[in-house]
Amino acid sequence: MEQGGPESIDKSKILEVKPLRCLSPVFTSASGSSVSNPQASSPFHCVPPGGPFPPGLAPIYPFMRSNESQRTGQPYGNDIASPVPLNAFRTPGSAKGGMGRGKRGRPRKVPVGVVGDSGGYSDLMNQSDQNVSGYDVHETDAEDASNSGKRKTRLQKRQSVPISDFDEVGVVNSLLTSFKLMELDIAKNDFGDRELVDRVLLVYDLLRKKIMLHDESRDSLPGVTRRPDLKAGNLLMSKGIRTNNTKKIGHVPGVEVGDIFFFRMELCVVGLHAPTMAGIDYMTVKASADEDPVALSIVSSGGYEDDGEDGDVLIYSGQGGVQRRDGLMFDQKLERGNLALEKSMQRGNEVRVIRGLKDINTTGKIYVYDGLYKIQDSWAETNKTGCNVFKYKLVRVPGQPEAFTLWKLIQRWKDGIASRTGVILPDLTSGAESLPVSLVNDVDDEKGPDYFTYIPTPKYAKPYVLPEPSLGCQCNGGCQPGDVRCSCIQKNMGCLPYNPLAVLMKYQSLIHECGKTCACPSTCRNRMTQVGLKVRLEVFKTKNRGWGLRSWDPIRGGGFICEYAGQVIDASKVGEFESENEDAYIFDSTRIFESLEDPQQNPNESPKAPFPLVINAKLEGNVARFMNHSCSPNVYWQPVLRASDNEAYLHVGFFAIKHIRPMQELTFDYGVLPAHRAQQRRKKCSCGSVKCRGYFY
DNA sequence: GACATTTCAGTAAT
DNA sequence: CATTACTGAAATGT
Numbered sequence: 001m002e003q004g005g006p007e008s009i010d011k012s013k014i015l016e017v018k019p020l021r022c023l024s025p026v027f028t029s030a031s032g033s034s035v036s037n038p039q040a041s042s043p044f045h046c047v048p049p050g051g052p053f054p055p056g057l058a059p060i061y062p063f064m065r066s067n068e069s070q071r072t073g074q075p076y077g078n079d080i081a082s083p084v085p086l087n088a089f090r091t092p093g094s095a096k097g098g099m100g101r102g103k104r105g106r107p108r109k110v111p112v113g114v115v116g117d118s119g120g121y122s123d124l125m126n127q128s129d130q131n132v133s134g135y136d137v138h139e140t141d142a143e144d145a146s147n148s149g150k151r152k153t154r155l156q157k158r159q160s161v162p163i164s165d166f167d168e169v170g171v172v173n174s175l176l177t178s179f180k181l182m183e184l185d186i187a188k189n190d191f192g193d194r195e196l197v198d199r200v201l202l203v204y205d206l207l208r209k210k211i212m213l214h215d216e217s218r219d220s221l222p223g224v225t226r227r228p229d230l231k232a233g234n235l236l237m238s239k240g241i242r243t244n245n246t247k248k249i250g251h252v253p254g255v256e257v258g259d260i261f262f263f264r265m266e267l268c269v270v271g272l273h274a275p276t277m278a279g280i281d282y283m284t285v286k287a288s289a290d291e292d293p294v295a296l297s298i299v300s301s302g303g304y305e306d307d308g309e310d311g312d313v314l315i316y317s318g319q320g321g322v323q324r325r326d327g328l329m330f331d332q333k334l335e336r337g338n339l340a341l342e343k344s345m346q347r348g349n350e351v352r353v354i355r356g357l358k359d360i361n362t363t364g365k366i367y368v369y370d371g372l373y374k375i376q377d378s379w380a381e382t383n384k385t386g387c388n389v390f391k392y393k394l395v396r397v398p399g400q401p402e403a404f405t406l407w408k409l410i411q412r413w414k415d416g417i418a419s420r421t422g423v424i425l426p427d428l429t430s431g432a433e434s435l436p437v438s439l440v441n442d443v444d445d446e447k448g449p450d451y452f453t454y455i456p457t458p459k460y461a462k463p464y465v466l467p468e469p470s471l472g473c474q475c476n477g478g479c480q481p482g483d484v485r486c487s488c489i490q491k492n493m494g495c496l497p498y499n500p501l502a503v504l505m506k507y508q509s510l511i512h513e514c515g516k517t518c519a520c521p522s523t524c525r526n527r528m529t530q531v532g533l534k535v536r537l538e539v540f541k542t543k544n545r546g547w548g549l550r551s552w553d554p555i556r557g558g559g560f561i562c563e564y565a566g567q568v569i570d571a572s573k574v575g576e577f578e579s580e581n582e583d584a585y586i587f588d589s590t591r592i593f594e595s596l597e598d599p600q601q602n603p604n605e606s607p608k609a610p611f612p613l614v615i616n617a618k619l620e621g622n623v624a625r626f627m628n629h630s631c632s633p634n635v636y637w638q639p640v641l642r643a644s645d646n647e648a649y650l651h652v653g654f655f656a657i658k659h660i661r662p663m664q665e666l667t668f669d670y671g672v673l674p675a676h677r678a679q680q681r682r683k684k685c686s687c688g689s690v691k692c693r694g695y696f697y
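Just so it is clear: in the first sequence, position 193 is 193 by full-length UniProt numbering, and no numbers are missing.
Calculated from the structure, these hints are not laboratory results.
Note that the coordinates shown come from a computational prediction; the quantities given were computed from them, not determined experimentally.
Where a beta carbon is used, it is the ideal one built from N, C-alpha and C, also for glycine.
There may be inaccurate statements among the hints.
Here are the computed distance ranges between Cβ atoms for each label pair [stated by the list, open to error]: (1) R693 x T517: 42 to 48 angstroms; (2) Q474 x K384: 52 to 58 angstroms; (3) H676 x M283: 54 to 60 angstroms; (4) T453 x R693: 31 to 37 angstroms; (5) Q490 x R682: 38 to 44 angstroms; (6) R682 x D445: 39 to 45 angstroms; (7) K684 x P401: 25 to 31 angstroms; (8) L425 x P467: 42 to 48 angstroms; (9) D483 x E335: 28 to 34 angstroms; (10) T457 x T517: 14 to 20 angstroms; (11) I360 x S430: 22 to 28 angstroms.
Start from the sequences, fold in the hints, and give me the full structure.
Okay, here's the thing in structure tokens:
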């Protein structure tokens, strides 16, 4: 994003546009009585109840689509947030015979999905797109034919394999339909672009999470997928859902230097690095006489760097030399990837370098695309066991946006070795948050935004009152996945919405977090937006859009960032705050928001929150008030409800749409005012995105 | 928390 | 062409 992003766009363009946010001091006497009883605006009248609801919760369910309403196709709030069936899993026991989804090749344990029987999905398919079922049938037939010879052996194998109730094909197809990936044309398959890379990664992430959620609900029974990352990749690739399928030397279209990934399979589906395990990707090019392998990309796991402080040099070890079965060592040979690196050095070819770094929050790794390198030197060393190991010295091609070096710099900030330049305040929250939030200006001499009072949570004058009390859960040790008795899990349609890292696991129109009357502790997995910041944020001065928000830490797709705090005001009086320069710190749930799943589609006019919520952060607020608008945002907001007895508080949680690398500005779509509200107040947008609407509000 | 074990897939080469 | 060989990482258990 650095290349095309707002930080680096042509200055002549920058100067033509006004800042998104005007920070000139405007002190209106926002009458203290502006915080009024939201009940007065009768929040529930707009949506008639349409089905059987759990007792006490009917009025705040209008945006949830029950199974019943899906099947009957009942027009029901249009449910913009979940075109993908969230409970699209077969009930245990309904999985009939069917063949395994194992790939051709060596026989292995095969999870038994149901292919060819669209079963519980046919309704959904028909309702969404006629093409879908056609494609489905065709695909299934073809696969049946091509694999019929091997099916017998697999079926025999399956005798000992526990039956999986996961309808992989149905889930994949519904995802692909939602994201318009069924008809991926060949050209784009070979050469991607930014939009497609994002979309493929998004679908990969959703699919991986869906598989993971499903496994969780089975409570670790044998036969579950132990590697959802690989399974999701396998399912997508077997359908041809990938980009940059043809191997290429140099950059891969749609992937930018500095992009981050959390799984090897993600590198694979976007064509950055094809092998799922091996560290060296290469291809043979038909040179004049002989066929030479040339290296395309390497993944450095970070264990062998010996170059000290210079992040632009990498000493990389060759592959091989170890017996997989027993760990025996032997000499590496100059073949395969090793030979390819050698040849690439001779030819002076550029090699993509992906740096694998330890993720401090998990046992996993984060992969940073560090751009193109050239191999400057190669030699052989003898390791501790006396075996031959090849080494390659790679030097980064100059002039590329900084990536890995930025990570190292941030680490030095955190360790206190280096100090962040331009810091105005080390913590503008004065300790109100769980982590400090720096205020930084390394652009000009402005000393900071207008004064406001920092509050970490929204201020409600009164809660919304539920007609019937909401039942709290009884999970003393915290809500556990797969616990069907937990009333909070039931409200969330059978799943805990977050993983232990506060990453949102699915799109869901409304999240029901645990509230005051729940028995679980504050560490409960269903209270993720209540325990404060998870990433180290900074408020910084942008070049052309006033103050903005960004993170020192990488953020996974779906990761919780912060909520929107401020004074909750009567939604019917939002007009009083809508004047020039006065509404820069208004969050308004009643605007029109584009669907995340399908940005091409016309914005859906149905409201996104279960009842109108307007928050004024002009005088009191938190970090969220600094998040700028973008027409291509990397953050979205999500209604989060916390209910206890008859009281309900609606919160706005901000979550990452995709993986966000460190220091990339966080933006969300402010939404558009409906037609009947003042359009002349549109503000000119300078988000710099190719999809920019030109205005917002 | 470091270490050990288990389980998973794409693709070049054969 | 079908099959095998070659390549570690991610999740889980100790």
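Results for each hint:
no., hint, result
1, R693 x T517: 42 to 48 angstroms, "holds (43 angstroms)"
2, Q474 x K384: 52 to 58 angstroms, "holds (56 angstroms)"
3, H676 x M283: 54 to 60 angstroms, "holds (58 angstroms)"
4, T453 x R693: 31 to 37 angstroms, "holds (33 angstroms)"
5, Q490 x R682: 38 to 44 angstroms, "holds (43 angstroms)"
6, R682 x D445: 39 to 45 angstroms, "violated (31 angstroms)"
7, K684 x P401: 25 to 31 angstroms, "holds (27 angstroms)"
8, L425 x P467: 42 to 48 angstroms, "holds (46 angstroms)"
9, D483 x E335: 28 to 34 angstroms, "violated (53 angstroms)"
10, T457 x T517: 14 to 20 angstroms, "holds (18 angstroms)"
11, I360 x S430: 22 to 28 angstroms, "holds (26 angstroms)"
Hints 6, 9 from the list above are not met by this structure, while the remaining hints are.
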